[in-house]
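S.K.: Construct the entire structure; sequences and hints are all you get.
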Amino acid sequence: MGNRRKSREYALQLLYARELSGRQMDEISPLFWKDRPVPTQTSGYTNKIVSGVLRHTVVIDASIEQNSSNWKISRMSHVDRNILRIAVYEFMYEDSPPVVVINEAIEVAKRYGDGESGQFVNGVLDAIRKSLPTRNVKE
37 MGNRRKSREY ALQLLYAREL SGRQMDEISP LFWKDRPVPT QTSGYTNKIV
87 SGVLRHTVVI DASIEQNSSN WKISRMSHVD RNILRIAVYE FMYEDSPPVV
137 VINEAIEVAK RYGDGESGQF VNGVLDAIRK SLPTRNVKE
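For what it's worth, the working numbering labels the leading residue of the sequence shown as 37, then goes sequentially.
To be clear, the hints were calculated from the coordinates, so they are not data collected in a lab.
Hints are supplied without guarantee of correctness; some may be wrong.
[Unchecked claim] Straight-line Cα separation of at most 27 Å, DSSO-like style, residue types lysine-lysine; simulated pairs:
| no. | residue 1 | residue 2 |
| --- | --- | --- |
| 1 | Lys-166 | Lys-70 |
| 2 | Lys-108 | Lys-70 |
| 3 | Lys-42 | Lys-84 |
| 4 | Lys-70 | Lys-42 |
| 5 | Lys-42 | Lys-146 |
| 6 | Lys-166 | Lys-146 |
| 7 | Lys-146 | Lys-84 |
M.R.: Pasting the structure below:
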């Protein structure tokens with residue numbers, strides 16, 4: 037498994053822990069990394085994703101809701117919602133190719149979500165990808 041995939045999985049775990057615990061990331065992150073010796077590029081990209089998702093949640097969530105037929109973001113599972121947030125963050129603020137982002141999100145959804153997460157994530161992300169007029173807006 038590549039460093040980017042691992043970063044996406046770690047980002048999902050951190051965002052999931054934040055939602056379920058209600059704690060701030062500066063409380064969760066040190067405990068999370070304590071027992072995970074990983075390469076600096078993995079932890080660095082993970083932290084970049086997490087901080088980017090948190091900084092742009094309003095814009096990201098609006099894009100998800102606009103492109104997910106009859107689904108409010110609050111009704112989505114924690115796992116699916118955060119996988120979508122990570123992917124949309126990468127669509128909007130990173131240079132990752134959209135096809136790669138979608139494929140990675142589907143694989144993470146299959147691993148961490150329920151039996152239908154992969155298809156759900158694929159459908160929503162494909163709609164979002166098509167709706168974005170420009171990509172790679174830098175912060």
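S.K.: Compare the structure with each hint and give your call.
M.R.: Cross-check of the supplied hints:
1. Using a Cα cut-off of 27 Å, the hinted pair Lys-166 and Lys-70 is violated, with the two alpha carbons roughly 39 Å apart.
2. With a C-alpha separation of about 35 Å, the suggested pair Lys-108 and Lys-70 falls outside the 27 Å cut-off, and the hint is violated.
3. Pair hint Lys-42 plus Lys-84 holds up; C-alpha atoms about 13 Å apart against a cutoff of 27 Å.
4. Pair hint Lys-70 plus Lys-42 holds up; C-alpha atoms about 16 Å apart against a cutoff of 27 Å.
5. With a C-alpha separation of about 14 Å, the suggested pairing of Lys-42 with Lys-146 holds against the 27 Å cut-off.
6. For the hint linking Lys-166 to Lys-146, the alpha-carbon distance of about 23 Å falls within 27 Å, and the restraint holds.
7. In summary, the hint linking Lys-146 to Lys-84 is supported, as the alpha carbons are separated by about 23 Å, within the 27 Å threshold.
Of the numbered hints stated above, those contradicted by the structure are hints 1 and 2, listed in ascending order.
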